[in-house]
Structures are given as C-alpha cells and as structure tokens.
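Q: Start from chain A and add chain B according to the hints.
Sequence lines, in order, name chains A and B. If you're matching positions, the first sequence starts at 1 in the numbering used here and goes up one per residue. If you're matching positions, the second sequence starts at 1 in the numbering used here and goes up one per residue.
Hints may contain errors.
To be verified - Counterexamples of contact, computed for chain B against chain A with all Cβ distances above 10 Å:
1. Gln80
2. Val82
3. Asp84
4. Asn126
5. Ser154
6. Leu156
7. Ser164
8. Ile182
9. Ser196
10. Ile197
11. Leu208
12. Leu251
13. Asp270
14. Gly319
15. Tyr327
Unchecked claim - Quick list of in silico lysine-lysine cross-link-like pairs, BS3-like style, CA-CA up to 25 Å:
16. A/Lys228 - A/Lys252
17. B/Lys281 - B/Lys328
18. B/Lys92 - A/Lys228
19. A/Lys253 - B/Lys274
20. B/Lys279 - A/Lys184
21. B/Lys318 - B/Lys328
22. B/Lys92 - B/Lys61
23. B/Lys92 - B/Lys13
24. B/Lys27 - B/Lys61
25. B/Lys279 - B/Lys318
26. A/Lys252 - B/Lys61
27. A/Lys184 - B/Lys281
28. A/Lys184 - A/Lys228
29. B/Lys92 - B/Lys65
30. B/Lys13 - B/Lys65
31. B/Lys279 - B/Lys328
32. A/Lys184 - B/Lys274
33. B/Lys61 - B/Lys13
Keep in mind the hints are simulated off the structure, nothing from the lab. Heads up, the beta-carbon is just placed ideally off N, CA and C, and yes, glycines get one too.
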Amino acid sequence: MRYTTRAGEVSAVENVSFSVGEGEALGIVGESGSGKTSIAICLMKLLPENAHILGGQICLRGTDLAPMSEEEIRQYRWCQIAMVFQAAMNSLNPVYCVGDQIIEALQTHNPDMNNAAARARVVELFELVGLDPGLIDCYPHQYSGGMRQRAVIAMALSCNPDIIIADEPTTALDVIVQDTILRKMRDLQARNQIGMIYISHDIAVIAEVSDRIAIMYAGRIMEIASAKDIFQHPTHPYTYALMNAFPSIIGKKHPLLALPGEPPDLLHPPDGCRFHPRCPHVLDRCRREVPPDTDYGHGHLAACWNPMGKPS
Amino acid sequence: MNPTELITVTGLKKYFPVEKGIFRRSKSFIHAVDDINFSIRCGESLNLVGESGCGKTTTGKLLVKLYEPTSGHMQLDTGQDVLDVAHLERGKIREFRRKVQMIFQDPYESLNPRLTVFDTIAEPLNVQNIGNLVEREQRVAEMLTLVGLAPPTSFLFRFPHELSGGQRQRVAIARALVVNPIFVVADEPTSMLDVSIRTGVMNLMLELAGRLNVSYLYITHDLAVARYMSRNIAVMYLGKIVEMSDTEELLAHPLHPYTLALLSAVPVPDPMLKRPVAKIKGGITAPIDPPARCRFYDRCPISDDFCLTHDHPPLEDKGAGHLAACYKV
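Next up, chain A with everything else stripped away, as it sits in the complex (with noise of 0.2 Å):
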C-alpha cells in the first residue's frame, strides 16, 4: 500500500503477508509509521482518498475484500470485520448518546431490527463488557476513558463479527485500567471465538494478549512466530534489539541496549532490507537485496540474511 504525497510515493506497506486463524489473537508490533495502522485501515478498506493499495489479496473466508467497491465491501464491513479505533474518545460522537450510536451500528447492519430488540442487544453487550446498562442514555462525556473504550468495544462486537481489529486498544489508558479492558478482551475473544488483530507499539501489552506475534519495521514484517518463540528465540536482529531496549520490571535488572540512528524515510526507504542501516549484523548482500521470509519450523518466519543465533 502506498500513500502519494506531495513529496512523492511513501511506501507504508511493502508485501506483508499473514493470516489469524478462527479465534487467534495475532498481535502486530512496530514503531510509529512502521506501517501497522495501515494495515488496518487497508484491511477495514477505509482507505483515505491519497492512499492505494497496489497489489496482494485480503481473504476473508476466501473472499477477496481487495477489489472490492465501496458498496459490497459494506456488507463486510462491521457484520465481519469490526475495528476498535486508536482514540477511543475521538470515535465516539460527542453529541449522541452512547447506545443510540450502537443502536445506529446496529440498525445500519441489520434493517429489519426494531428498536426494541436494537435495545435489548445493546444491554446485553453493555453487561458482556462491563458496563452498567444504566449509562446507555449517557454521553460521551460522562463516561471515563476506560468506560469509552469498554463501549468502542462494545460497538465493535455488535454484529457479532468473525474478526476484530484493535489498533492501540488502550495506549491512552493508565495501566489498571489497561489491565481490565485487556483481561475483558482476552477473555471475550476465547468465549466468542473471535479472530483478533491486536496493534500497538508496545511489546508487552501485545505479549499480554497475543498467540502470535509480527514485528514490523518500515512497512515489512521483519519476523512473524507464536508469542512463545519470538520471546525465547527471537531471530531477526531487530526482534532481537527490541527485546533489548525494552526495560521490564521482572527478572534482573540489565543495561538497556540503545539501536543507533533513526527509522528509515519512506518516501526513500533504503535498498535491500529495509533495517540495514542500523542493523548490528548487516553483510553486503542486506544492502543489495531483499532478503525472504525463511521458515525456522512451526510457522516462524524471519526475513533476515544474517539470522541471529539457532531458532527453535
């Protein structure tokens, strides 16, 4: 996918490939403009009027959403693939109550839906993401920030669709907070069956809620493997400076390891691999060519010339 500019092309994603499976939690880590958010938006194909996607598939159950137009995508939209936005206090409309604005979802997606069955539903997803239905009739203002994101949440859920989409679902959020919206979600996504794209920058909120992990870094998936194995045989050297640079508050406490420089412009991403430049394990072949995902076993992928260490 890319974005025209008026500085010229910036090329935001660059051949990513993956699935989630029925009822798996993918989660997808990088920097800012690393390109996640576009993929959401690419696969919610809410696409902004200066960004193109140029080539690739996005399958759901074996459809393909990528061609489609604006009118049969609708059918998908929301009934299948539902998103829960990054500013939860932005997408919700400040002049409407929170419930009509699920009633509204709801009744968009399902015609013949009366009011009063609209109603009911909405008491019943209040209470499954623990919300008083009480507050249905309240604004946005009234609620707190957690409260907002419980009920984006719960609009996300309303058609009962087969995948979500949650691109930095509580980065605005102190971390109690955090920690309750993220059991919830866990929690909802193992009872319902729910396939989950979880987007966010932070390492350990996604190795929280995630079966399997990416990483990317401008616009490429640089490795993709179970939570399990990207933690305990992280394989691409930026994997692996990651890992590195994150401070935790278990285990020994040791010297954080800095990456030096910045991440690459992509309107001029650099040849080869895209992390060359700050990779501590560069050879000339990575200023040349792209290296492919190669496969270390059960599904661990890493596109890298110069692996580090043995994987699993």
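A: Below, chain B without anything else, positioned relative to chain A:
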C-alpha cells in the same frame, strides 16, 4: 538538617480552585498535591510514579517554580547557599533558575518552532548573561556533541520541524543542561518516543547525570522505565505519596495495596508469565475536597472501619527505609 540533602520538601500542598454555580461563588478545591514530604540527596535521583491525575506533574512544576505552592517548604542546597524555593527573594530567582531546570514530556510542543537549535539552546545563556557570543557558540556546540547530535555544525541552524522526535528531545535535554543545573525535573521525557529511540534517550540521561553530577526528579507512569532510571522511587496516589523506598525493594516487596495493584497491572514482555489479577475496584477520581480518611479507602481491598474513621495514614518507615502510608501493613 543533613548537609548532603540537595532538595528537601516538607508539607508541600497545592490546591486548585474549582469554580461552580452561576455566580461562581461556591468554591471547591482540587487537592492536587496534598502534604507531601521527600528529599533528594546530592547526585541521586528520585522517580515519581503514579497514574494520570495523581499530582506528579504538579509536584514537578512546583519544584521548578512554575506554580506557587498553597503551603509548604522546599529547600534547595546549592552548595554555596540554601534557597527557600517557595519564597525566593527577587535577586535570587535568576540564581535559582540556573540551578534548576525542567525537561518536558512533548518535544513537539516544548521547542519554539521559530527558533533554530542554536537559538533554543543558547537562550538560557542569554537570559543568564553567561559568556559572549563566541563562548556561547562553543558551549552550544559542546552541548550538542554531549547529547549525541554530532557533528554540531549540521544541527546548529536547523529548526525543530527538521528534527525527529528523538533529536528534539535531545535538544530539549541540551537546553536544560546548558547552564549546568544541579537539579532537573524530567516530566515523562521518553513517553512520546518510540522504543528504539527511547532507550537511547534514557541511556543518555543516565550517562549525563553521572558525568555532570545532576540529580533528576524523574516523573513517569511507567514502572519499568522508573526501575531503569533511578534507585529511589515514590508512588503517588491522588496527591499523596503512598509508598517510598529503594526501587528494587519496592518492586520486590510492595507494601501499600495500591502499589500492589499497580505492579500486578503492568504488562510484562514475557508471554510465559501469568500475572495475578489486580484486586482493586473502580477508577481514579479527581481529589475535589476529599474527606480526611485514607485517599485509597474506596478502592482498597483490605480497608476496614479503622481506615474509615481515621485520617489519611502518615508515611511511616515499615523497616529498612521502606516507607508506606497504610494502617494495615
């Protein structure tokens, strides 16, 4: 008073009025910082952690005199002089500003977009009348090299919009340290930065603290960052310090039920580890005219009638310099 104390805070309070009613007559107060005491020794740093709205930034701003306290004392021992921060004489304010600086959270907002890097870093020197133009240029170049923006000539005449977030924060650090302060309040300096950039800035701050003998009050919401940044930690909740001790000791043996809940809620970058559930209810509220009882009473899993009928517990030593404000531990 112990001569090695760099800064001593006693009974510090800051109340913000909340105006209510048609004629704005009924006044309530937000007790943003309510009777806190701590001290930082020369060359040491202190972490101040807590959730949003707990008063940590207000405390930081009080210490650099961006707010006037409602009451309380703050003493800064500069080595030559002991300054009473709350009631500085006019002539002492400039000296105080030279000794105490602040680094703000958002490097996109804290730098003037119309000033070049050189102007930004040289501004404190102009204000303090330090050196002539040539000396200032030298000093700025020296600072840029120190914060890792080398060679300085390629950065001197850039504007903030030409720098990345990490570079901006380095400029902000250079600006704060250019006047050789002895105490710097750092308010979430790395929370806006990406992981791979953040570690570099954190390492830089630690290295400079050792090299220039600066003490930080490091304000953060992230316990993992706090652990990395300083050996001492104070946990705030609704304007009160609820626990204060050595950082490792606090992480290993938290005493206060709030700290316990906070620790159990921190996500851990290890999928193999299962954490216990945080056992507290409700959310954080604004401390508007709070009752005298323990601030944490309503959410506390171990509170009883004693907590209800008594005032907020004092911050007491529970052994080996580990202080906690709770009747039950």
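Q: State for each hint whether it applies.
A: Results of checking the hints against the structure:
1. Every CB of chain A lies more than 10 Å from the CB of B/Gln80, the least distance being 35 Å, so the non-interface label holds.
2. For B/Val82, the shortest C-beta to C-beta distance to chain A comes to about 35 Å, beyond the 10 Å cut-off, and the non-interface label holds.
3. Remark: the non-interface label on B/Asp84 is consistent with the geometry, its nearest Cβ contact in chain A lying 35 Å away (cut-off 10 Å).
4. At roughly 30 Å from the closest C-beta of chain A, the C-beta of B/Asn126 stays outside 10 Å, upholding its exclusion from the interface.
5. No Cβ of chain A approaches the Cβ of B/Ser154 within 10 Å, the least distance being about 14 Å, so the stated non-interface status holds.
6. Look at B/Leu156: its CB is around 19 Å from the nearest CB on chain A, clear of 10 Å, so calling it non-interface holds up.
7. In this structure B/Ser164 is not separated from chain A by more than 10 Å, as the shortest Cβ-Cβ distance comes to only about 5 Å.
8. No Cβ of chain A approaches the Cβ of B/Ile182 within 10 Å, the least distance being about 26 Å, so the stated non-interface status holds.
9. Remark: the non-interface label on B/Ser196 conflicts with the geometry, its nearest Cβ contact in chain A lying 4 Å away (cut-off 10 Å).
10. With a least CB separation of 7 Å from chain A, B/Ile197 falls inside the 10 Å interface cut-off, contrary to its annotation.
11. Remark: the non-interface label on B/Leu208 is consistent with the geometry, its nearest Cβ contact in chain A lying 14 Å away (cut-off 10 Å).
12. A cut-off of 10 Å between C-beta atoms contradicts the statement that B/Leu251 is not in contact with chain A; the least separation is 5 Å.
13. Not every CB of chain A is more than 10 Å from the CB of B/Asp270 (nearest about 6 Å), against its label as outside the interface.
14. Every CB of chain A lies more than 10 Å from the CB of B/Gly319, the least distance being 22 Å, so the non-interface label holds.
15. With a least beta-carbon separation of about 22 Å from chain A, B/Tyr327 lies farther than 10 Å from that chain, consistent with its non-interface assignment.
16. Note on A/Lys228 and A/Lys252: the hinted pairing holds, with a Cα-Cα distance of about 20 Å set against a maximum of 25 Å.
17. Taken as a hint, the B/Lys281 and B/Lys328 pair is honoured in the structure, with Cα atoms around 18 Å apart against an allowance of 25 Å.
18. The straight-line distance between the Cα atoms of B/Lys92 and A/Lys228 is roughly 58 Å, outside the 25 Å bound, and the hint therefore fails.
19. As the CA atoms of A/Lys253 and B/Lys274 are separated by approximately 20 Å, the hinted pair is consistent with the 25 Å bound.
20. The straight-line distance between the Cα atoms of B/Lys279 and A/Lys184 is roughly 15 Å, inside the 25 Å bound, and the hint therefore holds.
21. About 11 Å separates the Cα atoms of B/Lys318 and B/Lys328, which keeps this hinted pair within 25 Å; it holds.
22. A threshold of 25 Å between alpha carbons decides the hint, and for B/Lys92 with B/Lys61 the separation of about 18 Å falls inside it, so the pair holds.
23. The straight-line distance between the Cα atoms of B/Lys92 and B/Lys13 is roughly 23 Å, inside the 25 Å bound, and the hint therefore holds.
24. A threshold of 25 Å between alpha carbons decides the hint, and for B/Lys27 with B/Lys61 the separation of about 23 Å falls inside it, so the pair holds.
25. Annotation: proposed proximity of B/Lys279 to B/Lys318 holds, straight-line Cα distance about 22 Å (limit 25 Å).
26. Distance check on the hinted pair: A/Lys252 and B/Lys61 sit about 33 Å apart at the alpha-carbon level, beyond 25 Å; violated.
27. Among the hinted pairs, A/Lys184 with B/Lys281 is consistent with the structure: their alpha-carbon atoms are about 15 Å apart, no more than 25 Å.
28. At roughly 22 Å between alpha-carbon atoms, A/Lys184 and A/Lys228 fall within 25 Å of each other, so this suggested pair holds.
29. Restraint check for B/Lys92 and B/Lys65: satisfied, since their Cα atoms lie roughly 12 Å apart, inside the 25 Å limit.
30. Restraint check for B/Lys13 and B/Lys65: satisfied, since their Cα atoms lie roughly 13 Å apart, inside the 25 Å limit.
31. This hinted pair checks out: B/Lys279 and B/Lys328 have alpha carbons roughly 16 Å apart, not beyond 25 Å.
32. With a C-alpha separation of about 15 Å, the suggested pair A/Lys184 and B/Lys274 falls inside the 25 Å cut-off, and the hint holds.
33. The straight-line distance between the Cα atoms of B/Lys61 and B/Lys13 is roughly 12 Å, inside the 25 Å bound, and the hint therefore holds.
The structure does not agree with the numbered hints 7, 9, 10, 12, 13, 18 and 26 stated previously, though it agrees with the rest.
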